[in-house]
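K.L.:
Okay, here's what each chain looks like letter by letter:
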Amino acid sequence: MTTTLDAPAPVRAPVPVGRRYLAAGTFILLGLIDIFVFGLFAHRGDAVFALSLPGATPKLPGIHVPGALTAYLLGAISIALGILRAVADLSPRGKRITIAIALLCFLLSLLAWADAGSSVGPLQVIDLLQGTLTASIPLMLGAMAGLMCERSGVINIAIEGQLLTGAFTAAAVASATGGVWLGLIGGSLTGGLVGVILAIFAITFLVDQIIVGVVLDVIALGLTNYLYNRVLSPYANTFNTGNTFGTLKIPVLGNIPIIGPIFFDANVFLYITYALILVIQIGLFRTRWGLRVRAVGEHPVAADTVGIRVRWTRYRNVILGGLIAGIGGAYLTVGSVGFFTSDISSGFGYIALAAMIFGRWTPLGSVAAALLFGFSFQLQTELSVLRVPVSSFILLMAPYVATIIAVAGLVGRVRPPAADGKPYIKA
Amino acid sequence: MKLELRGITKRFGSLVANDGIDLVVQPGEIRALLGENGAGKTTLMNVLYGLMQPDEGEILLDDEPVAIHSPRDAIRAKIGMVHQHFMLVPVFTVAENVTLGSEPVRRLATPEFHLGGLRVPPLGLASIGLLDRRTARREVLALSERFGLRVDPDAMVEELPVGVQQRVEIIKALLRDAQVLVLDEPTAVLTPGETEDLFRIMRELREGGRSIIFISHKLKEVQAIADTITVIRRGKVVGERPPTTTSTELASLMVGRSVQLRVSKEPAKPGDVLLDVRDLTVAGERGERSVRGVSFQVRAGEILGVAGVQGNGQTELCEALIGLRPATGSVHLDGTDLSHAPTRVRLHAGIGYVPEDRSEDGLVADFSVADNLILDLYDRPPYASGIALNLDAIRESAVKRVEEYDVRTTSVETPAGTLSGGNQQKVVVAREMGRDVKLLLVSQPTRGLDVGSIEFVHKRLVAQRDAGAAVLIVSSELDEIYALADRIAVMYEGRIVAFCPPTISEQELGLLMAGGGDPAGSTAPDSGDAPQTPVPAQEPSSHE
Amino acid sequence: MSDQHEAEPSAEPYVPTAATTTAQGTGAPAPDQPRGRQPLTGSAIIQAVTEGNSVVITILAFFIALLVGAVLIVASDPVVLRAWDSVGYAPGTAFSATWTSVSSAYSALFEGAIFSPATISAAFHGGSIAAIFYPLSLTTFEATPLILTGLSVALCFRAGMFNIGAAGQWIGGAVVATWLGYAVNLPIVLHAVVCIIGAFAGGAVIGWIVGEIKARTGAHEVILTIMLNYVMYNLLAFLLSSRNLMQAPSQTSALAPPVRGSAMLPHVGGPPPQVGVGFLIALAAAAATAWLLSRSTLGFEFRTVGASPSAARSAGIRVERVWVLAFLIAGGLAGLSASTIVQGQTAPLTTTSYGTYGFDGITVALLGRARPLGVVLAGLLFGAMNAGGTVMEAATGVPADVTNVIEALIVLFVAAPPLIRLLFRLRGTGGAGPQAVASKGWSG
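So the sequences go chain by chain: W, A and U.
In terms of the numbering used here, the first sequence opens at residue 1 and continues consecutively.
In terms of the numbering used here, the second sequence opens at residue 428 and continues consecutively.
In terms of the numbering used here, the third sequence opens at residue 972 and continues consecutively.
Hints listed in this document are in silico derivations from the structure and should not be mistaken for laboratory results.
Be aware that one or more of the hints could be misleading.
[Unchecked claim] Here are the simulated distance ranges between beta carbons:
1) W:Val279 - U:Leu1216: 44 to 50 Å
2) W:Pro54 - U:Ser1221: 35 to 41 Å
3) W:Asn237 - U:Pro1220: 55 to 61 Å
4) U:Leu1254 - A:His767: 44 to 50 Å
5) W:Gly347 - U:Thr1223: 23 to 29 Å
[What the hints assert, rightly or not] Some, not all, of what chain U presents toward chain A, calculated at C-beta under 10 Å:
6) Trp1262
7) Ser1265
8) Ser1267
9) Leu1269
10) Phe1271
11) Ala1278
12) Ser1281
13) Ala1282
14) Gly1287
[To be verified] Per the computed footprint, the stretches of chain W lying under chain A, defined by three or more beta-carbons under 8 Å from a beta-carbon of chain A, are:
15) 291 to 299
16) 305 to 319
Note that the structure is predicted; figures quoted are calculated from it, not measured.
Beta carbons: idealized from backbone N, C-alpha and C, even for Gly.
I would like the entire structure built from these sequences, with the hints used as guidance.
P.N.:
Right under this line is the structure:
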């Protein structure tokens, strides 16, 4: 009892010495890759970036840049940033800006190299960005789900299971009833149900939260596989018809060149995602609800002593998170391919978790990280169109390596909510 | 408001923490609850504040029984509490912390509208209304001016000194218009000056008709501020006394028999310098310098007591000496340079270390007593041969130690976490003293122990000194420093501000601890001629 | 259990959990014996049941999980559902259909995992005695990789860390073992040994990366291992799809060349009923891990760091070094798991060979309470479920995936002793579940 009333003990970790130079070193390494890989090996000729989809009106002119020269230039910028990081003590904000620029340089020089002198045609920038955004939807929603839980002090590793069961239910319900909206709601509720189970075990029974999460993921995989093989597959005409949402172009905004097709010409899931990000960002940092949630996640005993119901707050947030992840799961079926297949979430839940940590437990940061993952998935598709002589598997590896580098300290000390993962025990 | 507790009983398993406690506090009264650590004071107050439910008994306010099932109910009943461990969210601002739970909000003005013929009422967004930061700020400022509690409402709590954090806690209670205010060991983290300040505020609140319950185990403070003193021992009220009662009487009530904290010990016979520390500087949790250029020596057969208010760098000093914290400067043990040695090397070189937080750092609660007794000896003979543990030797030696140090346990296989605090400390002491040590580094050795265990530990420490070890004791209990130290070093804000003999008066020592003393003054005989008082505060005499 | 002891336990009534606290207050005449003061073996067994010690909890969890599995089987069986549609006028049919559905599935599961009564009667009529043990040999075969990844996860648990990366470490071991297996030409026993050592080293390197990053930067191992898994999945796909790296010649799909016969692990006994050398490796690894944890100084360091990093630091234990070593050895164990598959099966390495060994290792370690013996038993149980699941699917059409659900449910229930106590109205407190061995929070 006495231990639970103590203030959370400060984390005592040795201060790593090389962290400052880690960032600088990484930037310089990226710059060197820009120059010696992308620059030197670029084909002769210009890289062309097409800014409108083929056949779209109005047609915008593509941007032509010399491939090798661009890579050299961007590499130089990256190296300069690395040197800056090594010598100057930047503010946290400044550090984040340098990271963003260095990453951008790397990606642009990669694209310049890939498209330089390409015979296949220009790089479809709109396609790339549009695809990035849609590929990121389950990641963004998953990250929001994780955020809801962890800000209140419950670690959610079960995002993967919530996505998977959400996808399953959405497909089955949408197929059986013919209503895609019912599918979406069903998917969301299923995610919420997994949230309820997580909450019961983590909050009431005080089971280690990482363990419950992992076990729930295993159960979700086994259960959906079982039901898929037993019900969905044999009775596909009833339960797995591949019902999907259509795209919905926002009237005025959708017609803006470049921005319109990227942001405002997709199906309803993208708009739901926008709304949820906005609501969570404002909710967490500008409302009474958010202040209380953060208090519960940082110092539950303090929250309890001012009359905030800690367990109730956690229950509520974990279930809300589950509902959000369930929507993300529904996207995988009714928002995208329509059909449920075995293990359709294929690890998106874990990537969403990484995005949330990468984004330092903030909504906007998580979204940025999720977009980075989505971009790498889409980039791999685009580059295979351009017949780039690099194995797609190496490209697919990149965001995971980036996350490892990030959690290893490139983005500075990451501080999770202080009570994250610690159950609240009352006498 | 009049508060009455009737027959409060609270059990934890077989332990009865509160045993039928009755207590009446009148409006406008400062009531002191005096008792040893572990007497049940904090439990009682947690019951009053709804953090724990009593097994029996009832609470009355103005003669009306009230049901307090949660802090929510307590707040509603106008009971406020300042906990020993502050209940503040470190990453929130002062204003956010103060208003948390009763935040002013700007309601979202959602007009009602009509959907076809259906009337849609205003959406229920009131409960998730937007925070009104301006009002929160204003409320904090108003309270802090009214009661003379200076705080900056926009400061981040984690960046404030503890004294100010305590003010934030008091404001927090006042914002909720607390008529009964409980202060749990509020002076433990304060300097004497800050304590005076707190007493002034308490008196002011009393004038306003509020009742205050002041929990302490320090006689002098209780005598200075309380209107009535209630003494609690082993979960029972053993007496109510006016503040004019003598210290001797209060002390004997508190511990149940008259105690003599002065350990009988011979005068020290200091030998060679064993520990020589020069210009030691240590970084704290957030990179600030928590120990600033400290130099001192400890000789064989001598106990150096480090006095100071908690949080002035003593903890960090100890952890740096044992190698748990990076530090600059030099540390020599018996001529061996340990300045950059890791913990393991320092332990092997002959330092015994009794850490401040016994349950976190000193023991592994899940491990058996036997395993705990070899926690830092597991890889040395006879407990290990090569990389294999010698389980028989471990067990044999454990049985011997348990007997020698009078550890009350059912067997050496019992998990250490199930032992009482005193017996846990005996395990740590047995381990650290059970081998050849040149230096014994002891931090808060008797915190939370019962009197019997305190005496035992004290005797052992003196025995080590007499056996020729150098002993460094850090304690925030002045009584302990007086009882044990042959020489006192006073720490203030990361510096040793004075060395003084144990004959120094408590007033002078208190002044030094508050940073008010003159380190070169006559009270601190640090001019350094005799071996007993060798070192001036800032410049050490040359090494051997 | 002797006679005089039998009377005692029966005197102790079952008291529901909720009632215990209130009963104390009423001053009931029945004197409540304080726990720990009953040295009698008979009552100790009863106490174990009533207070729910780990074995009892595990058995009860197993039955609840089987029950849930039965519900799953029944609820998705069209025959049963049709029978229940007409339960109004043929209730007997509904119940018998339900019973048939569940019992046929579970008896097929049992026959596939342990033994089939048919083989025994066949043996009496001149059939093969060896055939009786065929299901058991399949069980050991299925259990082998699970025990090894389970040990990998368990070792990290004991050092206070969560190894979700057994899958990545498995790939590390598999790649090295496969390459040594087809590219190197060595004499028969030596070749296999070299491959085993290579697999251990390959897994250990991947584990070491995690430990080293954690030790140097404090990054949380859960996120590191998850990310490294994906890196390894892609690396495996890259290696197997690159013609000049590990892709089998004259193959268009991502496939490694087959391991040479000289590197294959032989069987003891057989054919059909046999024990693979891989299983013996798993048992030896479990014994070695047990020795390491309970009898060696390094194991003492692991356990101390796992139980209390701050106390370990104060005792002079180099916590960071322990993290690195624990992950290194854990990775090696996961690599051994790969070796038993790569060298134990004739199928070549593919991009999905890693299967679910990594995650299964987590459930096995949890069920085995992070103790080597427990891991072996849990691995055998899950191996039996897997072996039986295949037979069940073939015999009754119930997808084998249901066994995965049952396995995970067992772990979930075992992880929450209070839930089991609540369901079965057992008394008791605390009871260190597997959570006692796990890391707490991100900052751990």
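K.L.:
Each hint should be assessed against the structure and marked as holding or not.
P.N.:
Hint-by-hint comparison with the structure:
1. W:Val279 - U:Leu1216: 44 to 50 Å: Holds - the Cβ-Cβ distance for W:Val279 and U:Leu1216, about 48 Å, lies within 44 to 50 Å.
2. W:Pro54 - U:Ser1221: 35 to 41 Å: 39 Å, holds
3. W:Asn237 - U:Pro1220: 55 to 61 Å: With Cβ atoms ~44 Å apart, the hint is violated.
4. U:Leu1254 - A:His767: 44 to 50 Å: 46 Å, holds
5. W:Gly347 - U:Thr1223: 23 to 29 Å: 26 Å, holds
6. Trp1262: With Cβ-Cβ at 8 Å, under 10 Å, it holds.
7. Ser1265: 8 Å, holds
8. Ser1267: Given a least distance of 5 Å, the restraint on U:Ser1267 holds.
9. Leu1269: At 6 Å from the nearest chain A Cβ, U:Leu1269 passes the 10 Å test, so the hint holds.
10. Phe1271: 5 Å, holds
11. Ala1278: Interface hint status for U:Ala1278: holds (4 Å vs cutoff 10 Å).
12. Ser1281: With a closest approach of 5 Å, the U:Ser1281 hint holds.
13. Ala1282: 5 Å, holds
14. Gly1287: With Cβ-Cβ at 3 Å, under 10 Å, it holds.
15. 291 to 299: holds (count 6)
16. 305 to 319: It holds, with 5 qualifying residues against the three required.
Of the numbered hints stated above, the single one contradicted by the structure is hint 3.
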